[in-house]
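Go ahead and model the full structure; you've got the sequences and the hints to work with.
In my numbering, each residue's number is its place in the sequence shown (first place is 1) plus 17.
Don't take each hint at face value.
[What the hints assert, rightly or not] Straight-line alpha carbon distances no greater than 25 angstroms define the calculated SDA-like cross-link-like pairs of lysine to any residue that follow:
no., residue 1, residue 2
1, Lys-73, Tyr-85
2, Lys-47, Asp-28
3, Lys-21, Glu-79
4, Lys-21, Ile-80
5, Lys-73, Ala-55
6, Lys-47, Glu-82
7, Lys-47, Asp-65
8, Lys-70, Leu-45
9, Lys-73, Asp-42
10, Lys-21, Pro-53
11, Lys-21, Tyr-85
[To be verified] Distance ranges between label pairs, derived from CB positions:
no., residue 1, residue 2, range
12, Glu-79, Ile-43, 19 to 27 angstroms
13, Ala-71, Glu-38, 12 to 20 angstroms
14, Ala-71, Lys-21, 30 to 38 angstroms
15, Asp-39, Leu-77, 12 to 20 angstroms
16, Ile-86, Glu-30, 26 to 34 angstroms
17, Asp-42, Pro-72, 25 to 33 angstroms
18, Gly-64, Asp-39, 15 to 23 angstroms
19, Asp-39, Glu-79, 16 to 24 angstroms
20, Leu-59, Asp-39, 18 to 26 angstroms
By construction, these hints were calculated from the structure, which means they are not laboratory data.
Each residue gets a CB set at the ideal place from its N, CA and C atoms; glycine is no exception.
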Amino acid sequence: TTVKLLNLSDDTETTYQIVGEDEADIELGKISCHSPIANALLGNEEGDEVTVKAPKGDILYEILEVLYI
Numbered sequence: 018t019t020v021k022l023l024n025l026s027d028d029t030e031t032t033y034q035i036v037g038e039d040e041a042d043i044e045l046g047k048i049s050c051h052s053p054i055a056n057a058l059l060g061n062e063e064g065d066e067v068t069v070k071a072p073k074g075d076i077l078y079e080i081l082e083v084l085y086i
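Shown next as structure tokens:
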């Protein structure tokens, strides 16, 4: 699954591919299915806003696009 997110704090767009733990590489935009971002996205859909509990504080994202590839 690939998701495009909008950070509502600074209006930056980010695209992540959600993969298994062994494939995760944040520099390549691949995040683990067990990561805080992936967990926050569970059960949500395009247009929803989600809060990610990050080490440096909460980040509010809007889900712009979800691609099931």
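Hints versus structure:
1. Proximity of Lys-73 to Tyr-85 is assessed by CA-CA distance (about 30 angstroms); at most 25 angstroms being required, the pair is judged violated.
2. For the hint linking Lys-47 to Asp-28, the alpha-carbon distance of about 21 angstroms falls within 25 angstroms, and the restraint holds.
3. Restraint check for Lys-21 and Glu-79: the C-alpha separation of about 9 angstroms stays at or below 25 angstroms, so the hint holds.
4. A threshold of 25 angstroms between alpha carbons decides the hint, and for Lys-21 with Ile-80 the separation of about 6 angstroms falls inside it, so the pair holds.
5. A C-alpha spacing of about 17 angstroms is found between Lys-73 and Ala-55, which places the hinted pair at or below 25 angstroms, so the restraint holds.
6. For a cut-off of 25 angstroms, the pair hint linking Lys-47 to Glu-82 stands: about 16 angstroms separates their Cα positions.
7. For a cut-off of 25 angstroms, the pair hint linking Lys-47 to Asp-65 stands: about 21 angstroms separates their Cα positions.
8. Distance check on the hinted pair: Lys-70 and Leu-45 sit about 21 angstroms apart at the alpha-carbon level, within 25 angstroms; holds.
9. The hinted pair formed by Lys-73 and Asp-42 meets the criterion: a straight-line CA distance of about 20 angstroms does not exceed 25 angstroms.
10. Of the supplied pair hints, the one linking Lys-21 and Pro-53 holds, its CA atoms being roughly 16 angstroms apart against a limit of 25 angstroms.
11. Annotation: proposed proximity of Lys-21 to Tyr-85 holds, straight-line Cα distance about 12 angstroms (limit 25 angstroms).
12. Against the hinted window of 19 to 27 angstroms, the Cβ-Cβ separation of Glu-79 and Ile-43 comes to about 20 angstroms, which satisfies the hint.
13. The hinted range of 12 to 20 angstroms is satisfied by Ala-71 and Glu-38, whose Cβ atoms lie roughly 18 angstroms apart.
14. Against the hinted window of 30 to 38 angstroms, the Cβ-Cβ separation of Ala-71 and Lys-21 comes to about 18 angstroms, which falls outside the hint.
15. Our hint of 12 to 20 angstroms for Asp-39 and Leu-77 is violated, since their Cβ atoms are close to 30 angstroms apart.
16. Between Ile-86 and Glu-30 the CB atoms are about 18 angstroms apart, so this pair departs from the stated range of 26 to 34 angstroms.
17. A C-beta distance of roughly 18 angstroms is found between Asp-42 and Pro-72, which places it outside the suggested range of 25 to 33 angstroms.
18. Against the hinted window of 15 to 23 angstroms, the Cβ-Cβ separation of Gly-64 and Asp-39 comes to about 32 angstroms, which falls outside the hint.
19. Between Asp-39 and Glu-79 the CB atoms are about 29 angstroms apart, so this pair departs from the stated range of 16 to 24 angstroms.
20. Between Leu-59 and Asp-39 the Cβ separation comes to about 20 angstroms, which falls inside the hinted range of 18 to 26 angstroms.
In summary, the numbered hints that this structure violates are 1, 14, 15, 16, 17, 18, 19.
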